[in-house]
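Engineer: Please model the entire structure based on the sequences and the hints provided.
Number of protein chains: 2
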Amino acid sequence: MAAKEWTDCIKNLKGVVLDMCGVLYDSGEGGGIPIPGSVEAVKRIKASDLQLRFCTNETQATREKFVAKLRRMGFDISVSEVFSPAPAALAILKERSLRPHLLVHDDVLPEFDSVEKTNPNCVVIGDAADNFSYRALNDAFQVLMGLEKPVLFSLGKGRYYKETDGLKLDVGVFMKALEYACDVEAEVVGKPAPMFFQSTLTDMGIQPQEALMIGDDLVNDVGGAQNCGMKALQVRTGKYRPSDEKHPTVTADGYVNNLAEAVDVILKHRGQ
Amino acid sequence: MAAKEWTDCIKNLKGVVLDMCGVLYDSGEGGGIPIPGSVEAVKRIKASDLQLRFCTNETQATREKFVAKLRRMGFDISVSEVFSPAPAALAILKERSLRPHLLVHDDVLPEFDSVEKTNPNCVVIGDAADNFSYRALNDAFQVLMGLEKPVLFSLGKGRYYKETDGLKLDVGVFMKALEYACDVEAEVVGKPAPMFFQSTLTDMGIQPQEALMIGDDLVNDVGGAQNCGMKALQVRTGKYRPSDEKHPTVTADGYVNNLAEAVDVILKHRGQ
Numbered sequence: 001m002a003a004k005e006w007t008d009c010i011k012n013l014k015g016v017v018l019d020m021c022g023v024l025y026d027s028g029e030g031g032g033i034p035i036p037g038s039v040e041a042v043k044r045i046k047a048s049d050l051q052l053r054f055c056t057n058e059t060q061a062t063r064e065k066f067v068a069k070l071r072r073m074g075f076d077i078s079v080s081e082v083f084s085p086a087p088a089a090l091a092i093l094k095e096r097s098l099r100p101h102l103l104v105h106d107d108v109l110p111e112f113d114s115v116e117k118t119n120p121n122c123v124v125i126g127d128a129a130d131n132f133s134y135r136a137l138n139d140a141f142q143v144l145m146g147l148e149k150p151v152l153f154s155l156g157k158g159r160y161y162k163e164t165d166g167l168k169l170d171v172g173v174f175m176k177a178l179e180y181a182c183d184v185e186a187e188v189v190g191k192p193a194p195m196f197f198q199s200t201l202t203d204m205g206i207q208p209q210e211a212l213m214i215g216d217d218l219v220n221d222v223g224g225a226q227n228c229g230m231k232a233l234q235v236r237t238g239k240y241r242p243s244d245e246k247h248p249t250v251t252a253d254g255y256v257n258n259l260a261e262a263v264d265v266i267l268k269h270r271g272q
Numbered sequence: 001m002a003a004k005e006w007t008d009c010i011k012n013l014k015g016v017v018l019d020m021c022g023v024l025y026d027s028g029e030g031g032g033i034p035i036p037g038s039v040e041a042v043k044r045i046k047a048s049d050l051q052l053r054f055c056t057n058e059t060q061a062t063r064e065k066f067v068a069k070l071r072r073m074g075f076d077i078s079v080s081e082v083f084s085p086a087p088a089a090l091a092i093l094k095e096r097s098l099r100p101h102l103l104v105h106d107d108v109l110p111e112f113d114s115v116e117k118t119n120p121n122c123v124v125i126g127d128a129a130d131n132f133s134y135r136a137l138n139d140a141f142q143v144l145m146g147l148e149k150p151v152l153f154s155l156g157k158g159r160y161y162k163e164t165d166g167l168k169l170d171v172g173v174f175m176k177a178l179e180y181a182c183d184v185e186a187e188v189v190g191k192p193a194p195m196f197f198q199s200t201l202t203d204m205g206i207q208p209q210e211a212l213m214i215g216d217d218l219v220n221d222v223g224g225a226q227n228c229g230m231k232a233l234q235v236r237t238g239k240y241r242p243s244d245e246k247h248p249t250v251t252a253d254g255y256v257n258n259l260a261e262a263v264d265v266i267l268k269h270r271g272q
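Top line first, the protein sequences correspond to chains A and B. For the record, in the first sequence the residue sitting at position 265 is 265 according to my numbering, with numbers rising by one throughout. For the record, in the second sequence the residue sitting at position 43 is 43 according to my numbering, with numbers rising by one throughout.
Honestly, the hints are just simulated from the structure, not real lab data. All values derive from a computational prediction rather than experimental measurement. Note that the Cβ used here is the ideal one computed from N, Cα and C, for glycine as well. Hints are supplied without guarantee of correctness; some may be wrong.
[What the hints assert, rightly or not] Computed from the model, here is a short list of chain A residues facing chain B with C-beta under 7 Å:
1) PHE75
2) TYR160
3) LEU169
4) LYS176
[Unchecked claim] Residues of chain A placed beyond 10 Å of chain B at every Cβ, according to the derived structure:
5) LYS11
6) SER48
7) LEU52
8) LEU98
9) ALA128
10) LEU137
11) GLN142
12) MET145
13) ALA177
14) GLU179
15) ALA181
16) ILE206
17) GLU261
Structural biologist: Structure, rendered in structure tokens:
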């Protein structure tokens, strides 16, 4: 049933949006390893008549370093094709004249070099990983409690991701922690915010119904893209869990074993 | 209005239940300092015809060490009068043959000496403070995700408490983090669980309407005790914030500036 439905959209496709971690590669020590067939699958989309963008909640590195890592793995990717939360957050901070207290990974700090950070009037949290110490969380909490109206930005709201040595807590977990501590609701920058998906569509100059999202995170990739009007597939790689296929509120338009299979089906249906 | 109502209950009182941190003392470096008038207020209740119990979510030390600290501050308190979450959790673990993975403060570990901990089938979190590192939270998360049905106990669900150098994140914040990460609901042992308040009443052999709770935490002390059928006052010390008096769901039966004032009013109304 589901498989039939999603293939119906293939003939009208003009662009594909790919999640990165868990779709292209599994992260872990040494930067991670490509998921079998994904390097070739990206090449095949690029050689087709489809446009391609990458949409990631990666906030453990600047976009430049992140793309360089993917290129070392063999992926044909350039910085301008990648949409990530830190540059999107920076734009919001500047637009609203906000001075952030940053609780982020050391390697993503350079993205925020150009914004004033003294006397902060908001908090930005990203996937800080080991920087999520009790002291660092408490510092962010104290900044928020010192504001008349606490403003918290979260670079994504994922629960966890998969590294080569197991599941790891993602930024959403610490967003929930601070939301509860301060009785506020965070503004999510990145997936699943529909505005974030829309920015990839605007960049390609296409409509939501002309685009297909492929991700391993049911709620953030699939649900987020669907809320933006796109069709969305879940791959059975990365953080995929069988229970996702019986999720109470989000149902993917289709499931594929991996990106290679998705690209195979798409290009076959398009006679390429 | 509110003040009038709470004093109405005084004549029927048989027992008083006191929160500790923020009512008796402010915690901080070196163990903390007594709140002015509280040492004397405890003495005055003990000299009256009222029973007295202490109900704390303190989980940064064994009950013995915690009581010893309070005694050094000058409080007339004995271990048998103090109800705290760790012994209550231990009883539940044994009753249900559960083997905990512990994410707690080092100093409370001895409370769990007598329970089997290998091959854990549940997680117990307390106010672990600096032990709430990313790695420790991730370890607890991985234990939960490895269980067919994750079981998480939280020793309290407080948002924060006040130390002499500022507000500090409490265990509830990390409970929310793990709840979100694993999509589970924690079982709270300690305040505001009505069963926890009931245990102090059972120990005194009195009914809820014969007891008054005095605390600085509107939701956990006041709301919890009210849910158990008791009247409850909020003191304007400790973590009290003026906005508590306009809380959308919890309204204290009365407000007093501190414990000394509460005891003054109570004993005057009883002609003592």
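Engineer: Work down the list of hints and note, for each, if the structure agrees.
Structural biologist: A quick look at each hint next to the structure:
1. PHE75: 28 Å, violated
2. TYR160: 6 Å, holds
3. LEU169: This interface hint holds because 5 Å falls under the 7 Å limit.
4. LYS176: 4 Å, holds
5. LYS11: 37 Å, holds
6. SER48: The claim stands: SER48 of chain A keeps its Cβ more than 10 Å from every Cβ of chain B (closest is about 38 Å).
7. LEU52: Per Cβ check, LEU52 of chain A is outside 10 Å of chain B; nearest 32 Å; holds.
8. LEU98: Consistent with the label, LEU98 of chain A stays out of reach of chain B, its closest Cβ about 22 Å off (over 10 Å).
9. ALA128: 8 Å, violated
10. LEU137: The claim breaks: LEU137 of chain A does not keep its Cβ more than 10 Å from every Cβ of chain B (closest is about 6 Å).
11. GLN142: 6 Å, violated
12. MET145: The claim is violated: MET145 of chain A sits with its nearest Cβ about 6 Å from chain B, within 10 Å.
13. ALA177: 4 Å, violated
14. GLU179: Since the minimum Cβ distance to chain B is about 8 Å, GLU179 of chain A lies within 10 Å and the statement is violated.
15. ALA181: 5 Å, violated
16. ILE206: ILE206 of chain A is indeed farther than 10 Å from all Cβ atoms of chain B, at 34 Å.
17. GLU261: At roughly 26 Å from the nearest Cβ of chain B, GLU261 of chain A sits farther out than 10 Å, so the non-interface label holds.
When the structure is compared with the earlier hints, violations turn up for hints 1, 9, 10, 11, 12, 13, 14, 15 and for no others.
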